[in-house]
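Chains A, B, C and D supply the protein sequences, listed in that same order. Going letter by letter, the first sequence gives residues 14 to 402 in this note's numbering. Going letter by letter, the second sequence gives residues 14 to 402 in this note's numbering. Going letter by letter, the third sequence gives residues 14 to 402 in this note's numbering. Going letter by letter, the fourth sequence gives residues 14 to 402 in this note's numbering.
There could be a bad hint or two in this list.
Here are the simulated SDA-like cross-link-like pairs (lysine to any residue), alpha carbons at most 25 Å apart as the crow flies [what the hints assert, rightly or not]: (1) C:Lys87 to D:Arg328; (2) D:Lys87 to D:Pro99; (3) A:Lys87 to D:Ala105.
No lab work stands behind these hints: they were computed from the structure. Bear in mind that the values here come from a model prediction, so they are computed numbers and not experimental data.
Here is what each chain is made of, one letter per residue.
4 protein chains.
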Amino acid sequence: MSPSPLTPRIGAWFIGARGSVATTATVGTLALRAGLGTPDGCVSELPEVAAAGLPALTGIITGGHEVGEGSLPKRAEELAAGGVFPTALARALCAELAEADDRIRPGAGPGGETQRAAADRIQEDLRAFRDRHGLDEVVVVDVSSTEPPAPDTPELHSLDLLEAALDRGESPLPTSSLYAYAAFRAGCPVVAFTPSPGPKLPALGELALREGLPWAGSDGKTGETLLKSALAPMFAHRALAVRSWASVNLLGGGDGRTLADPEAAQSKLRTKGQGLEAILGHPVDGPMHIDYVADLGDWKTAWDHVSFEGFLGTRMSLQFTWNGCDSALAAPLVLDLVRLAARAREAGEAGPLPALGFFFKDPAGTAEHDLGRQWQALTDWCTALGARA
Amino acid sequence: MSPSPLTPRIGAWFIGARGSVATTATVGTLALRAGLGTPDGCVSELPEVAAAGLPALTGIITGGHEVGEGSLPKRAEELAAGGVFPTALARALCAELAEADDRIRPGAGPGGETQRAAADRIQEDLRAFRDRHGLDEVVVVDVSSTEPPAPDTPELHSLDLLEAALDRGESPLPTSSLYAYAAFRAGCPVVAFTPSPGPKLPALGELALREGLPWAGSDGKTGETLLKSALAPMFAHRALAVRSWASVNLLGGGDGRTLADPEAAQSKLRTKGQGLEAILGHPVDGPMHIDYVADLGDWKTAWDHVSFEGFLGTRMSLQFTWNGCDSALAAPLVLDLVRLAARAREAGEAGPLPALGFFFKDPAGTAEHDLGRQWQALTDWCTALGARA
Amino acid sequence: MSPSPLTPRIGAWFIGARGSVATTATVGTLALRAGLGTPDGCVSELPEVAAAGLPALTGIITGGHEVGEGSLPKRAEELAAGGVFPTALARALCAELAEADDRIRPGAGPGGETQRAAADRIQEDLRAFRDRHGLDEVVVVDVSSTEPPAPDTPELHSLDLLEAALDRGESPLPTSSLYAYAAFRAGCPVVAFTPSPGPKLPALGELALREGLPWAGSDGKTGETLLKSALAPMFAHRALAVRSWASVNLLGGGDGRTLADPEAAQSKLRTKGQGLEAILGHPVDGPMHIDYVADLGDWKTAWDHVSFEGFLGTRMSLQFTWNGCDSALAAPLVLDLVRLAARAREAGEAGPLPALGFFFKDPAGTAEHDLGRQWQALTDWCTALGARA
Amino acid sequence: MSPSPLTPRIGAWFIGARGSVATTATVGTLALRAGLGTPDGCVSELPEVAAAGLPALTGIITGGHEVGEGSLPKRAEELAAGGVFPTALARALCAELAEADDRIRPGAGPGGETQRAAADRIQEDLRAFRDRHGLDEVVVVDVSSTEPPAPDTPELHSLDLLEAALDRGESPLPTSSLYAYAAFRAGCPVVAFTPSPGPKLPALGELALREGLPWAGSDGKTGETLLKSALAPMFAHRALAVRSWASVNLLGGGDGRTLADPEAAQSKLRTKGQGLEAILGHPVDGPMHIDYVADLGDWKTAWDHVSFEGFLGTRMSLQFTWNGCDSALAAPLVLDLVRLAARAREAGEAGPLPALGFFFKDPAGTAEHDLGRQWQALTDWCTALGARA
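Turn these sequences into a full structure, and let the hints steer you where they fit.
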């Protein structure tokens, strides 16, 4: 798996480049390149997906934008102490992480520059990254904190109106969409790994199509929702009537803190809820909680209780407890998506990529939530891409 | 759904006709015919399966063989007291259950008559049932107690040797296979809902083909194994390395008592274990227990603990607890299988029916254990059958 | 256990007399008197508690106030259908339940009469019940829906101010406290089985002492809080540092519906939270949810997740799932409290009864929450009472 | 808590000195002495226990016997990698661990020397340890692998017969009892932290009394059994009838491997089972499994399912999952027992110490299993000891 000089080199540009997911993904690329650790959790290493003819996992170089302080080596130490990966790994890669940290540029936030100026600056950062490292493709991945749902305005529905507003010095875009706007203008595919609006606004959909760029999203399906999308089809196909499905998520870390804000949690709860109804074909009763429990650190414990009815009205139940490390689950998927989005771009695909619905809670371009069917769609697409190569 | 005079009438002939599953299935047919209760848990009522053009659910009449004492009305009372279905239902159907009980004939066991004589008697019972009720088809379903694995002998591998042994007055067949032999001779499709040998012996495979009869099996997938076949593909397709999978089944009732016998449990454990390895592609560590806990009655509680490894070796876990009523889960599947086997026979299919793997822990004629793919195979087959009708 | 002519006869007067708990308790007294069923869950039948010299369980006759419609036979049918007790029991006791229903009087609510008039009416009902049945003692038990926390006013802190306000035609009391006021005026001990204010107001504390009447409360400890009070001492005595304790309660039925109102839930959450801190000696992080899930009916499923730290900072966890029927858990405790309060009255005790803290989430007259110590206090008190008899 | 020159110095002598528990306890003493980490999980630091006037935790020095290879620094690295304590701690204490490793002497096993010779050698090791470090007291703690139940012979019941057999060159003692014999002869209190026979043989009971030495045991109560002893009294005191209690223990590590041997597991299962029956007052149905699952390393996951019956026969359930690190749970208890046994010896107590039943699955000298009562007995004893000091 060592990259030859001919290996296409791909850039992964993270919005939120020192967050837990980006840091873990960065550690991962460096570890794999150094031959430390195996790519468990990387879907793109499975033969059915690799069949697409993907750029090498070890050929990915990382960079990104970040509004926060700190450094990758320090963040890696902290994550290792929290059990996300071995401490020995963080130490062994300290120098490479410091180097990766130098590729991180100041992010955009509210205040100061206009969104037009910020977009120009972001585009410049993306082009400089591509040029400096001679990259075939740079994929922009949003792994920053979840934003609250955006207020709806006409500018978000029309590229012309949007451009005019930006030209007038206005700031109509949610931050995640500002990045997506700049990415598309810089010729980069976009991956929306959070529920934030990002590339999902109609105006940006127009832009992606005009620029001939693919994008994927949204909201990585890593834990409880993943399980729901594996289990709900079982109830549906066995004609068992689900009467209630209660979900509780206890999580610490930065993600937990963000979601402790009820407004931000709204975005998350909305994407988490929709799959179940889509699969079962009817609304389902039951609470869904996301709770911040500081001492859980980077780990998440989810408990679900499903009450269902079988033959002649007999009431039964299923409970599950998921104890997962969100960053360790998300990071390999992020790398998968970088490879797949780069390949889609190479193959000339533009607009939302429905075949990547497998990865997301709120799949763009498709209403399919059944994990098995999503897998089928993904691998069919990969096979087709491979045939085209 | 009321049966018209033209509705094809199908017989469901149960081996173990006063057992929990057969009693619940019988109550179900009577309840549905009387318009009491809805067919939750009946897969064959889903449009994708009904597309095959199935005989009506309300057109099924039951009968069977039984070695034990008791009566259906009494057994129904007991099951209702145990929460399998409402007491009111058992009472409302008391007369119909007594009538159904009259269609039950004495079963075959060790001792007494030769297997040739027993087979002749069973065939006679089946033909009489068909004739008396003017049935288009009689499907024989084994829902009796699980047998220990059968010792292997040459007679079980060759129909000629088998017939010769029977003619010599020998008794080479396990009881479940004796029923399957007689069923095939009487022109009846067979469903093996337990892990017992039944129609799976090579000699009987020959017989089914010679008679042009379909059969399906084996060992109904109703609880923990069902969940495994829904969840294991999730781990596989997400490239998460399953390191151990521990399974504990606490069950009361007659099934629990039978499986408290380590020899009988062997058959069950063998069929339960194989799916996981097939889906994951490697053997998986971890104990599998089946424990008899008398006070649980007709209910089963299963607890599974899965330990898996993600990116960079991070260890995570999933646990689930399933609290189900085995009879209530099995009974509608039994009715589904009767309808599907009757339709397969009508359509001229013979031998094992791999498309019915969806229903079984140890699917005959296929190595597919992934529940999503099994559903795909089932519905593809039903669509094709429907087109032929 | 058959009541002799000499058995002291005790009245249990329920506020909320057709609610789930009161109906179950009423069914229980009738069932035990008829020799149907055993008194499982009745603490007062254990020798250490019976040592107090208690009035016979079969000597309890029930009555009460109720604002709602319906009838006891009908409510018993509904509860039986929901699995609270066998349907056969509800049917066998139909006539006795109708008789018990005749002993229920219209309750007091907001509007209409003044609180003074309502109190007089309630007192009259209590006296009439006692006289008509020749009862030695009538214990008033609040098992009605939980009220929101009461606004604090001077009248609630002084009996003189309270009497003056009532005389002026004002209505200063929460409804639960109106009943307690009337009960004390009628010479009846009071049991506050809900978190509502009831007898806990200082003004009523004065009244109880002036009348020489004992009272017990508050908020019956039947499920998750019971478990907490059994488990938290384990962590404390083993010097294991509890870092978070998350609690989720899914409940249907009338209780769930009431607590779906956030204001009413406030009262409940307050009493549920305090014990943990008292036992562990420090505040504990973690959410506490009470969710209404209609399809669960009279049953409750609680899930708790405890994260704790051991030697050298090692982080470990405990989870539990409790699947209980609240009415079946509460009803025998209500009967226990009637017997114990009647005995306390006979023995001349007045004011809050701290020895009954064992039964409550928010024990009156004591700060002890450790279940083991509460048991010790209860049995010591019973032994002492027994010695006095 | 820093040891003054006057601090009494106590020796903790471990049988199985490089096992997981002994290594963790050794790391603990060194960490606390170095001011790294806090003594969470040390019961003897709670004021109610410290009241006994105990030797300082930081005044404990460790040594021991070991039949295996390896070294403490290496073992500590392995345990840290398995999450038992932080890697940083193992590294910081590397030199001190090497020093502690030098205090470990070759253990006794089957073959080679006679038991008389082995006992003499062990006694010599113990005296040398005490003299070299000027210790006030040396407590011998068995934390080695569990032995199968010992065959019963007359020599184990009489000290005279035992001495005679040893003098004849026979080897009548189980290895754990050989150590206890030698310890008593060397004037050392003994703590039996495993279910092995150790000091529990009647002949050794005689010896302990003759030498005026206290001993404590047996089988440390660290996980599932601890929970049982906290929860079972709740059921008993609430008059809830436990109908079945199923227990499953998944464990990796050395302990798991040992207990994968059915003979060794026998000892464990015997001590685990008895508490429940003692607390509930009747035998309880339900399986108890101990399963070796290699990938769990030093961690244990236990699942228990309790089915119980309440008022009028209503069936309910409680499940719990315990995820604990056995070594981290056991090590502080071992240090507690060393301090308490040393104090008991100082106070002149001899024979089994029933007040220490709080720590054990199979408490010596008492039949009390209720955790709350055991805590009461422990703290009463500590108060009395403190008054004597």
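The hints, checked one at a time:
1. C:Lys87 to D:Arg328: Satisfied, since the Cα-Cα distance of roughly 23 Å is no more than 25 Å.
2. D:Lys87 to D:Pro99: The hint holds at about 14 Å.
3. A:Lys87 to D:Ala105: Holds - the C-alpha atoms of alanine 105 (chain D) and lysine 87 (chain A) are around 20 Å apart, at most 25 Å.
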